[in-house]
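Colleague: Sequence:
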Amino acid sequence: NCEPEHFVVDTIRAVQPMRDKPGRGSKPTEELNAAIITGLKAWRQAAVERDFPRQLIVTGKAILPNKTVEKIAERPRAVTTPHIFFSTIEWKWGTYDDFRYGNEVVAAVKAVLKDHPDEEEEKREAARREKAFEQLLALANKQRREKLRAVFQDCWDAVAAVPTGNMVSRGRGADKRLEPELRCQAFMALPRRTAWPRYYEIIQEPISMATIKRLSNSATGAYTSLSEYAAAWHKMFANARTFNIDDSPIYRNSILLEQVFDETLVEAAAKHGLEADLIPDTI
1 NCEPEHFVVD
11 TIRAVQPMRD
21 KPGRGSKPTE
31 ELNAAIITGL
41 KAWRQAAVER
51 DFPRQLIVTG
61 KAILPNKTVE
71 KIAERPRAVT
81 TPHIFFSTIE
91 WKWGTYDDFR
101 YGNEVVAAVK
111 AVLKDHPDEE
121 EEKREAARRE
131 KAFEQLLALA
141 NKQRREKLRA
151 VFQDCWDAVA
161 AVPTGNMVSR
171 GRGADKRLEP
181 ELRCQAFMAL
191 PRRTAWPRYY
201 EIIQEPISMA
211 TIKRLSNSAT
221 GAYTSLSEYA
231 AAWHKMFANA
241 RTFNIDDSPI
251 YRNSILLEQV
261 FDETLVEAAA
271 KHGLEADLIP
281 DTI
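First residue of the sequence shown: 1, per the UniProt record's numbering; consecutive thereafter.
Since the hints were derived computationally from the structure, they do not count as laboratory data. Just so it is clear, CB atoms sit at the ideal spot from N, CA and C, and this is done for glycine as well. Careful, some of the hints might be misleading.
[To be verified] In silico PhoX-like cross-links for lysine-lysine, where the CA-CA straight-line distance does not exceed 20 Å:
| # | residue 1 | residue 2 |
| --- | --- | --- |
| 1 | 61 | 27 |
| 2 | 123 | 27 |
| 3 | 92 | 27 |
| 4 | 142 | 271 |
| 5 | 41 | 142 |
| 6 | 71 | 27 |
[Claimed, not checked] Derived DEER-like restraints, expressed as beta-carbon distance ranges:
| # | residue 1 | residue 2 | range |
| --- | --- | --- | --- |
| 7 | 201 | 127 | 52 to 60 Å |
| 8 | 256 | 135 | 29 to 37 Å |
| 9 | 116 | 149 | 23 to 31 Å |
| 10 | 90 | 59 | 17 to 25 Å |
| 11 | 225 | 251 | 36 to 44 Å |
| 12 | 51 | 139 | 37 to 45 Å |
| 13 | 138 | 176 | 32 to 40 Å |
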């Protein structure tokens, strides 16, 4: 063929179908090895008596040679499908007649394995389950934390938005403007120690809205439940009533803002699916 371009020859690629690539499987114990051999020989005898009566001596060894039995017994946990008999453990009868004998042998091996669990595989499976559970738990904790932060933000926004009804001047110069006065202003930050030393003598657990905001946004999640979060707000309002005289503006604002907080907490918990987190006496 001096001009091959004029004589195109089709390329034919022969591939053996369903080539198997099984795992090696753990090395069987002597007890398992013996049990597999016994089980396979029992299957062989039953198969010959069923399909080739009175031909056990000759046909039996041909259908499932002892050498094949030994190879299967060396790696029984790898025998999970009859496709393994194409090459890994070559056995022509195992792939014959749509894997008829192959399926029966696989079933016989699995029956023996039920009484001989793989301890190493069980440990690996237990480790996989534990890892999967930890991942699921981490995801659940992350989702819960996101819901908590959403409730925290709703409560903060509600308390921070309550006006007194008065207008106050903010800024200087060109930036000077009138804005609604907010009832939470006195709660935003703690008083300076130098200016109010008496406050820190009376209040043993000082806390402000700034403190609550910082802890609620903490990466470590300082507040892990709505009850803990609510307790911080209630402590802040209680401190205000402890230090300030009755019927003073801050005293009255503490009562009003606490009511706003409690109502918002219930609404936000229902909105974000955390109703069960509200234990008795939280509100």
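Colleague: Going back to the hint list, which numbers does this structure go against?
Modeller: 1, 3, 5, 8, 9, 11, 12 and 13
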